[in-house]
Amino acid sequence: MKVSYNWLKEYFDEEIPEPKKIAELLTMHAFEVESLDPISNDTVIEIKVLPDRSHDCLSHIGIAREIALLCNVKLKPNIFTKNIFPESNLLRVEVEDSKACPRLSALMIEDVDVKESPMWLVERLHAIGQRSINNIVDATNYVMFSLGQPLHAYDRERLKEVDGGWKLGVRMAQKGEKVFALDDKEYVLEDGELVIVDGHTNAPLGIAGIKGGKASQISKNTKNIILEAANFDPVLVRQTAKRLGSRTDASIRFENEITPELTTQAFHAVTALIIDIAKGENTRVEGLCDVYSRRANLYTVGVSLSEIQNVLGIDISQKEVEEILNRRGYPWKYVNPREEVVSLAEKYIGVPYKFGSSVLCDSPQTFDCSSFSAYLYAQAGVAIPRMSNDQYLFGIEISEEDVLLGDEVFFLSNRDGLAAGAVGHNGIYIGNGEMIHAGGFDKGYRKVVKEKIIESKYFDTGFKGYRRLLSDEEERFVVTVPSERLDLRIKEDLIEEVGRIHGYYDMESKAIDIAQVTPEIHKKSHYGNVVRNFFVERGFFEVVTYVFQEQGSVELENPIASDKKYLRQNLTKGMEDVLSRNIKNAELLGLEQIKIFEIGNIFKADSESTSLAFALDSAKEYKGKKSEGEAEQIILELAKVLGVPVDFDKGERVFEIEFDLIVSALPDPAIHLEYKGSDGMRFAQYSQYPFILRDIAVFVPKGGNQGDILTVVLAEAKGLLQNGRLLESNYTKEFPEGKKTSYAYRLVFQSLEKTLSDDEINPIMDRVTKILNNKPGWQVR
Amino acid sequence: MHPLTHIIHKTSDIFRTMGFSVADGPEIETEYYNFDSLNIPSHHPARDMWDTFWLKPEKARKLLRTHTSPVQMRYTETHAPPIRIIVPGKVFRHEATDATHEAQFYQLEGLMIEEKVSLANLKWVLEEYFGKLFETKTTIRFRPSYFPFVEPGVEIDMACFKCAGAGRLENKDCSTCKTTGWIEIMGAGMVHPKVLVAMGADPRKYTGFAFGGGIDRLAMLKFGVPDVRMFYEGDIRLINQF
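In order, the protein sequence lines correspond to chains P and E.
The first sequence maps to residues 1 to 781 in the numbering used here.
The second sequence maps to residues 1001 to 1242 in the numbering used here.
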């Protein structure tokens, strides 16, 4: 995400560090900063915000909060004005499915002056790569990039007025419904995709969370506007945006899930801005209409000091954790979980019972038996399952003698539909044979009550026993997580929050115990290495070829290229290609025969298996070098080395073996095969340019040493000469001074820098010829 | 021997001295093993972190594994903690290829699950590994990051072995680390409790770390090979140097 440094400064009264320092701190404590780009009087910081922090940090305020935390500077107070909007008299909203749209907020502002945005706003948007449209649209965009809540503005007069009122709705689209969007494209929707509609006509105004419609857009003649800020189901938005191939700044924020709390915060910000930059003669906020059916409590997450220490492996102190939590600024307390559970249980005596109460949304206004205990434990910083039976299974059985205050008491279910013997009720043990539980009777009403366990009506239907849900007795830090931090849900999240703020970079490493474990020997890898050694010892080179091929029996849904649509069904095809390419370099490599092998997986219609293939062939010039039966000989040797028979597919040049079959026939290896590679290996770049061949033959007195000749040649031609080898030596001729033998050599020239020409090679050959002819009795043919 | 084989064999031996066994698994995976079981649900934006090759028919939900992490899950089906494994293996990403990106490459996955395993233990294990692999004492550092199957999650940087973290070599910029002094080398973290549960390990009893990084990249760094694609061309001019 692109972040403007000037924009960030808006959130602080104090100075904040330079962009470079901020980038360093963010990188080491929060996110990777990918680049810093200075532009005219601003710096654009490109930040890689990953999905865990995309809930709160695809926004300038999110980044500003991290800066406040890491640089120990204070955010401006009152960034979020808490003014209450009047309830709208003219506007209604309607949501068909509150799961798909947990919140829909709409705000009417009358008499705005639509015009160009002021320069500062144009520059801000420009800095982060956004185009200015007009002041109203820019204001909604500005707030989206400020707070992370997408907003949309409608021209009120483009919506249908009925009895002096307007209405927005969110509903599922029907297959084939069309939206002509702001980008001048028509989108055809599928069943179940979400649309924003004009509530009076039921006609789509936009694709929810993705794109607004053209018909109701803000124009320069717009006077009265309806602002919409909603919260949509992340999966629905993601699926629709993906299907339509239209991922927008809005859809990216929705698909990462944002808190529904943001909608009205965004209205406060955008209203202030509109009044500032789009004020007409009688601009007024007419009012708000807000559907927010299931407002959730803030999460509480707890962790103990030793849990932090154990997971991170650092000796962080209680004081350091406290300092970090204070700096983070989220409300927190330090509690003894057992005492906390009991004291809260006492506190909620008398709260009405309601079956199916949600821990997140209904507590502590109503409880059922297990939401009561789940809520109490959550408040004490301990995560336990939601349902009675699951709590029972999660807990550790304890006897009546060992039961302590805060442990749970469980009872069999007397409800229909639960399995026989399943636990269906629970309470909190508070000593003296008493419990506090949700679901007891008090004057005919079901409530949270305190009573003797044996006097409870549940005791008669089936007392099941006591269980301990705490895994230790240690005090816990319990943090109340602000709504925007949807990533802080379990203790591990909290450990990470403490760990990253503390900083990982100077962590001391801690040795693991390496004495006590005997590793297994991986059979297939072991024999893979045995086979590799076998082939390498016989002059073969190991290759790894591509699995993507033009033909095969397993086809890809999304190939990278049309000639790579299938997975290979054998190694042979890839080996053939590699063989041919290498044969062209045979002279350069100084190899009379190209010998390669590969071990790799192949894919048949219903199976994947590991195959072994080897190939050998020679260039044409080496005719006769490939002896008949050479491959068969290698197979025989391999079978001998391994001690099992080896079957193979005899090809023209490539021979393929079912490696898995061999491995399954072999015994489990007893001794690990150690790596014997040499240290200090470095790759030297080979030339990308063609090589040139030159042959030279020289007569030397019969019986002369042919090795001397090559030494002389190599010494004289060094530089561009890559290698030289003896071609033939069986030609003898009578000279006046006696018999002489001809030795022919092939020289390979190549440059790392360019394609060589005769102009470069001829002088070298002349020098070689001259020096050979100068040797007594030697004569170049 | 192929340079990747050198790295894999040497890596296996180094980890073996620390008690780690080698494990493997299929290259064609199910959506469950590659994603769901690793706390990467369908339709979650985290899915975008892995560009995936899907197989026909699409409704079979089979894919080419995008990492060797599914082997964590397969291995724990037959093994209970304590667990120490590494998984070197071929993986696939639907990416445009260039000098540092390939559609097929090798990944090294590591997993250790025992009572009281910590992030500081991971640091020790990786320092041992890199020190022996690169044949020089190696410093690493962690930075916060995110992978759905770990929490906390970290990115691992290795102090540049070329310039010893200075960012410069005598009188020129260090190209190995692009002057930063650090080389981004792996992703890692503490195994997410949901993943521990999926593995059948009780998160109240066990903790563990997992790490994953590209073997090709290690080979490029160790041997000075400039282009990842060279590993798959089968060119003997490369292989005969190893």
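Hints should not be assumed to be uniformly reliable.
Under the rule of at most 30 Å between Cα atoms (straight-line distance), these lysine-lysine pairs were calculated in the DSS-like manner [unchecked claim]: (1) P:Lys347 - P:Lys447; (2) P:Lys115 - P:Lys220; (3) P:Lys523 - E:Lys1132; (4) E:Lys1132 - P:Lys510; (5) E:Lys1222 - P:Lys48; (6) E:Lys1178 - P:Lys523.
These are calculated hints, taken from the structure and not from any lab test.
Q | Given pair status - Lys510 (chain P), Lys1132 (chain E), alpha carbons within 30 Å | A | With Cα atoms ~17 Å apart, Lys1132 (chain E) and Lys510 (chain P) stay inside 30 Å; holds.
Q. Does the structure keep Lys115 (chain P) and Lys220 (chain P) at a Cα separation of 30 Å or less?
A. With Cα atoms ~6 Å apart, Lys115 (chain P) and Lys220 (chain P) stay inside 30 Å; holds.
**Q.** Satisfaction of hint between Lys447 (chain P) and Lys347 (chain P), Cα-Cα up to 30 Å
**A.** Between Lys347 (chain P) and Lys447 (chain P) the Cα gap is close to 13 Å, so the pair holds against 30 Å.
Q) Given the hint that Lys523 (chain P) pairs with Lys1132 (chain E), does the C-alpha gap stay at or below 30 Å? A) 24 Å, holds
Q. Is Lys1178 (chain E) close enough to Lys523 (chain P), meaning Cα to Cα at most 30 Å?
A. 41 Å, violated
Q.
Just to be careful, I want the Cα atoms of Lys1222 (chain E) and Lys48 (chain P) compared with a cutoff of 30 Å; is the pair within it?
A. Since the Cα atoms of Lys1222 (chain E) and Lys48 (chain P) sit roughly 28 Å apart, the hinted pair holds (cutoff 30 Å).
In this structure, only the earlier hint numbered 6 is contradicted, and the remaining ones agree with it.
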